[in-house]
Amino acid sequence: MDSVLVNENPIVYPKRKRHVRTDQSNTDEFSVEPIDQLDVFDHIRDIKDPEYPELSLEELNVITEESVEVDDEKSYVRITFTPTLPHCHVPNVLGLCIYAKLLQSLPRRFKIDVRVAPGSHVNEDAVNKKLSDKERMVAGLENPYLVALLN
Amino acid sequence: MDLMEKNLELLEVQKLEGHTDRVWNVSWNPVSAHADGSLPLLASCSGDSTVRIWEQSSLSHSWTCKTVLEESHTRTVRSCAWSPSGKLLATASFDGTTGIWENYGSEFELISTLEGHENEVKSVSWNASGSFLATCSRDKSVWIWEVLEGNEYDCASVLNGHTQDVKMVQWHPTMDVLFSCSYDNTIKVWWSEDDDGDYQCAQTLDVSNNGHSSTVWSISFNAAGDKMVTCSDDLTLKIWAADIAGMHSGEGYAPWTHLCTLSGYHDRTIYSAHWSRDDIIASGAGDDAIRLFVDSQHDSVDGPSYNLLLTKKKAHEMDINSVQWSSGEGNRLLASASDDGMVKIWQLATNP
Numbered sequence: 001m002d003s004v005l006v007n008e009n010p011i012v013y014p015k016r017k018r019h020v021r022t023d024q025s026n027t028d029e030f031s032v033e034p035i036d037q038l039d040v041f042d043h044i045r046d047i048k049d050p051e052y053p054e055l056s057l058e059e060l061n062v063i064t065e066e067s068v069e070v071d072d073e074k075s076y077v078r079i080t081f082t083p084t085l086p087h088c089h090v091p092n093v094l095g096l097c098i099y100a101k102l103l104q105s106l107p108r109r110f111k112i113d114v115r116v117a118p119g120s121h122v123n124e125d126a127v128n129k130k131l132s133d134k135e136r137m138v139a140g141l142e143n144p145y146l147v148a149l150l151n
Numbered sequence: 001m002d003l004m005e006k007n008l009e010l011l012e013v014q015k016l017e018g019h020t021d022r023v024w025n026v027s028w029n030p031v032s033a034h035a036d037g038s039l040p041l042l043a044s045c046s047g048d049s050t051v052r053i054w055e056q057s058s059l060s061h062s063w064t065c066k067t068v069l070e071e072s073h074t075r076t077v078r079s080c081a082w083s084p085s086g087k088l089l090a091t092a093s094f095d096g097t098t099g100i101w102e103n104y105g106s107e108f109e110l111i112s113t114l115e116g117h118e119n120e121v122k123s124v125s126w127n128a129s130g131s132f133l134a135t136c137s138r139d140k141s142v143w144i145w146e147v148l149e150g151n152e153y154d155c156a157s158v159l160n161g162h163t164q165d166v167k168m169v170q171w172h173p174t175m176d177v178l179f180s181c182s183y184d185n186t187i188k189v190w191w192s193e194d195d196d197g198d199y200q201c202a203q204t205l206d207v208s209n210n211g212h213s214s215t216v217w218s219i220s221f222n223a224a225g226d227k228m229v230t231c232s233d234d235l236t237l238k239i240w241a242a243d244i245a246g247m248h249s250g251e252g253y254a255p256w257t258h259l260c261t262l263s264g265y266h267d268r269t270i271y272s273a274h275w276s277r278d279d280i281i282a283s284g285a286g287d288d289a290i291r292l293f294v295d296s297q298h299d300s301v302d303g304p305s306y307n308l309l310l311t312k313k314k315a316h317e318m319d320i321n322s323v324q325w326s327s328g329e330g331n332r333l334l335a336s337a338s339d340d341g342m343v344k345i346w347q348l349a350t351n352p
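Protein chains in written order, with the UniProt record's numbering: chain B, 1 to 151; chain F, 1 to 352.
Read the hints as simulated data drawn from the structure, not as lab findings.
Wrong hints could be hidden among the right ones.
To be verified - Covered stretches of chain B, going by a simulated chain F footprint (3 or more residues, C-beta under 8 Å):
1) 51-65
2) 95-108
Said to hold, decoys possible - Partner residues aside, some chain F positions facing chain B, computed with beta carbon under 8 Å:
3) Gly-116
4) Glu-120
5) Glu-317
6) Met-318
Since this is a predicted model, take the numbers as computed values, not measurements.
Heads up, the beta-carbon is just placed ideally off N, CA and C, and yes, glycines get one too.
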């Protein structure tokens, strides 16, 4: 990684209050409770930004609860994230981290789509195309640098 | 024979378990009965970096895992293909290499490793006579390898032209014409005019010739080789045709033209399409379903059209990455490979 950070002065957002869930995690394979927006958000909110390992994607406003669209019946999840800068060169890595975390956390019946928010990046179409190519994403996840980052 | 009239079903014959990660590709050994008495074989390859060889018992007709080809590729094995003689298996891997394995009856031995691509190899294909191999990669190139004596493989050509990751290569079934499809949304046709091994891009099928509007994942030819089907992330299958009779009689290159587009049937990426010897097109998609299509045989002013014969929903629990018809006579077997780690064998049969 370059020693010069792309975004030297990221805006840090206050973490939103977490809802206290009285029921246990309902994202195991055999759960009958439908998976909702907050369940999915809880899986990804604390992912650390690749450039700022002390800060989470939630704190950087890369994702919010509204970033998550879930349809439990159709087993479909879509995450729309906003890179911190429109020229940011790490959206692929951000998208990969989100995708990887959801692959690990959600029941395997789920189809996961990750994309950047419309208007949030100069190479939006190119970035979204890469993020929607499962083969590219999976090959990316085999990259030792990324494996280290995700663990 | 009008298949639409019959009450057909795709029946699950067997589920083959063993891979510990997603299965990317399956390949039927083209020789269904071997002269030395050995049994029908199916190869599958996976994100677990291995290739499994499945064998069918002549007594029980059930399939078991004969052998696991492991400790060679260090990353995902993305594609596998048997040579026309059925004696060799080529395996393409994300580790950048292509393995060539020889079938010694009870064992498989890695006899050669083809290196050269700069990154992940996505697909491998043998030509009809087994004299050439083609591979393609995320490095945007297509390589042609010549098969020489003594297990030697020589790089005959490096074909540049695609502007992005090349997903699949497929030799034409009767002529030494090579096809490739890519993340750049195009299909390219590579041909050597003088048969001197100097391959050039003879044609590019893109949106201007009614081509796909997103990544093209696979190409398959009908038995005669005068039609092909391609499938894409744009959620369509496209049928193409060429006057190959002219090419066979030396009249030069015959261009491929778009015949029809099958749209509205898929709502997730179509990863694989395969054209059977008896003219049934199977598709495998990201919605976990297998679909079968046949020529409607009712040409309209707009040209030929295809009908959906049947949809097998939830054929697997996750995305289907590969479908392939067996080339055996009369049995209409289909193999499928999925992200769920399973290989399944299906039979197309009339519902009693």
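Original post:
How about Met-318/F: closest beta carbon in chain B under 8 Å, or not?
Top reply: holds, 6 Å
Subject >> chain B contact restraint on Gly-116/F - CB to CB distance below 8 Å >> reply: Violated - the Cβ of Gly-116/F stays beyond 8 Å from chain B, reaching only about 18 Å at its closest.
Original post:
Per the CB criterion, is Glu-317/F less than 8 Å away from chain B?
Top reply: holds, 7 Å
Original post:
How does the coverage statement for the segment 95-108 of chain B fare against chain F, requiring three or more residues with Cβ below 8 Å from a Cβ of that chain?
Top reply: The restraint on the segment 95-108 of chain B is violated, since only 1 of its residues have a Cβ under 8 Å from chain F and three are required.
**OP:** Closer than 8 Å between Cβ atoms is the bar; does Glu-120/F clear it against chain B? Give me holds or violated.
**Re:** The hint holds - Glu-120/F has a Cβ within 8 Å of chain B, the shortest such distance being about 5 Å.
**OP:** Check whether three or more residues of the segment 51-65 of chain B sit with their beta carbon closer than 8 Å to a beta carbon of chain F.
**Re:** violated (count 0)
This entry does not satisfy hints 1, 2, 3, going by the numbered hints stated previously.
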